[in-house]
Amino acid sequence: MIVAERKTIPELIDILRGHKNILVLGCGTCVTVCLAGGEREVSIIASALRIASRTQNLGFKVSELTIERQCDNIFIEQAAEAIDKCDAVLSLGCGAGVQAIAERYPRKPVYAGLNTKFLGVLEERGVWTEKCAACGACVLHEYGGICPVTRCAKHMLNGPCGGSREDRCEVSPDRPCAWQLIYQRLKSIGQLQKLEQVTMPKNWGASLNGGPRTIIREDHRI
Amino acid sequence: MSSDKKETTIVAFCCLYCAYAAADLAGSMRLQYPSNIRILRTPCTGRLEVEYFMKAFEDGADGVIVAGCEEGSCHFKEGNLVAKRRVNYAKKLLSEAGLESDRLRMVNVSAASARKLVDYLKEMADTIEKLGPSPLHTGKQLAKQESKS
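Quick note, the sequences are listed as chains A and B, same order.
Quick note on my numbering: the first sequence kicks off at 1 and runs consecutively.
Quick note on my numbering: the second sequence kicks off at 223 and runs consecutively.
To be clear, the hints were calculated from the coordinates, so they are not data collected in a lab.
Think of the CB as a built atom: it goes at the ideal place given N, C-alpha and C, for glycine as much as any other residue.
Please note: incorrect hints may appear among the correct ones.
[Unchecked claim] Computed from the model, here is a short list of chain B residues facing chain A with C-beta under 8 Å:
#1 Val272
#2 Glu273
#3 Phe279
#4 Glu280
#5 Leu315
#6 Pro357
#7 Leu358
[To be verified] Restraint-style ranges between C-beta atoms, simulated for each label pair:
#8 Phe298/B <-> Lys194/A: 44 to 50 Å
#9 Gly294/B <-> Lys108/A: 35 to 41 Å
#10 Val33/A <-> Arg307/B: 16 to 22 Å
#11 Lys85/A <-> Phe298/B: 49 to 55 Å
#12 Arg185/A <-> Arg269/B: 27 to 33 Å
#13 Glu292/B <-> Asp14/A: 38 to 44 Å
#14 Asp281/B <-> Pro173/A: 42 to 48 Å
#15 Arg252/B <-> Asp14/A: 51 to 57 Å
#16 Lys85/A <-> Asp341/B: 24 to 30 Å
Construct the entire structure; sequences and hints are all you get.
Spelled out as structure tokens, the structure:
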């Protein structure tokens, strides 16, 4: 899922200053699961903004709404009335959600209330970690399902480097060495021979380095 | 009691298994706590969400005190520890929004600690008296005073 983190209230105030009717718009998908932009966070942030407005005399009138998914026009439709009524939208969706709303409402200021961080998983309650860099050409099958592009600090495809210390990465003792994990995983599934292959340099053209990406499925187009 | 104290309201979220029973015991022991405290019974402080504290302030509370079981004695094992983290998060948010974070506080008492609870409530009332009424509802108070006069 996409993992995001809220901006601080002073940052939001700076972004919203000058607007009066503000809609805090939540998203019921990824950012709900990572506790950054779901119905509960919309309520909390809207409440904090109303409090800030009254303590700092900002004149905000804050309303709240959460839709199922901000990156999908069908669901954006459900917010049409609320968006029409407000002066500005503070989206608590991921970067894709903010842009989808902005594209749909070209005359309405739409601001990001979250910092979209990464594609990750819930490690334990309250802890999310990055697992995928969305590089566009997945190599997980070569590395026992552990991504060196994302989880190795040097993105090494032929590791480990000399900085692997007692299964820890030299960048931080809190961080496990991805190549140690790859070795253990390949060993446990009987595929250690994969480490004998030298991987050629990756084609980064499939990643964001080649510009924003588009997928077209002709079989699904109308 | 000063006029400020009379005009302020403190919401006390009290856990059914400890602080609420302690408040009951305080009554039986004829211990007095400040009259501006409004006690709300909660099944466990771990049931309280951050938005409850935010809404309490938005809706006119000058202070909020969360009274849960002593650490290690929660009826639901760790509800009070969850509440502690939520209170800390809410304090940070309030501070970011420009409201004094001391207006929100968590305390831990047992069901037998009536005197300790009363002391905490008095301390909270003193803190709020020093801070004065919440700036969030100063307008409402003025309107009330104007309509009286």
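Phe279/B was flagged as interface toward chain A. Is the shortest Cβ-Cβ separation under 8 Å?
holds, 6 Å
- Message: Given a cut of 8 Å on the nearest C-beta pair, is the interface hint for Glu280/B held or broken against chain A?
- Response: holds, 6 Å
> Is it true that Phe298/B and Lys194/A lie within 44 to 50 Å of each other by Cβ?
Replying inline: 48 Å Cβ-Cβ, so the 44 to 50 Å window holds.
Report task. May I ask you to test the hint 27 to 33 Å on the CB atoms belonging to Arg185/A and Arg269/B? Result -> Violated, since Arg185/A and Arg269/B (Cβ atoms, about 41 Å apart) do not stay within the stated range.
Q: Report holds or violated for the interface hint on Glu273/B, using the least CB-CB distance to chain A and a cut-off of 8 Å.
A: holds, 5 Å
**Prompt:** Asp281/B and Pro173/A, beta-carbon distance inside 42 to 48 Å?
**Reply:** holds, 47 Å
Hint check: 8 Å Cβ-Cβ cutoff, Leu315/B to chain A = At 5 Å from the nearest chain A Cβ, Leu315/B passes the 8 Å test, so the hint holds.
Practice prompt. Return the status of the interface hint for Pro357/B: holds when the least beta-carbon distance to chain A is below 8 Å, violated otherwise.
Written response: holds, 5 Å
Confirm or reject the claim that Gly294/B and Lys108/A have a C-beta distance inside 35 to 41 Å. Because 52 Å falls outside the window, the suggested range is violated.
Fill in: Consistency of beta-carbon spacing, Arg307/B to Val33/A, with hint 16 to 22 Å
holds, 19 Å
Range first: 49 to 55 Å. Now tell me if the beta carbons of Lys85/A and Phe298/B are that far apart. At roughly 42 Å between Cβ atoms, Phe298/B and Lys85/A fall outside 49 to 55 Å, so the hint is violated.
Checklist entry - Within 38 to 44 Å or not, the Cβ separation of Glu292/B and Asp14/A? => result Once the Cβ atoms are compared, 42 Å apart, the range 38 to 44 Å for Asp14/A and Glu292/B holds.
Going through the hint list in order, the structure does not satisfy hints 9, 11, 12 and 16.
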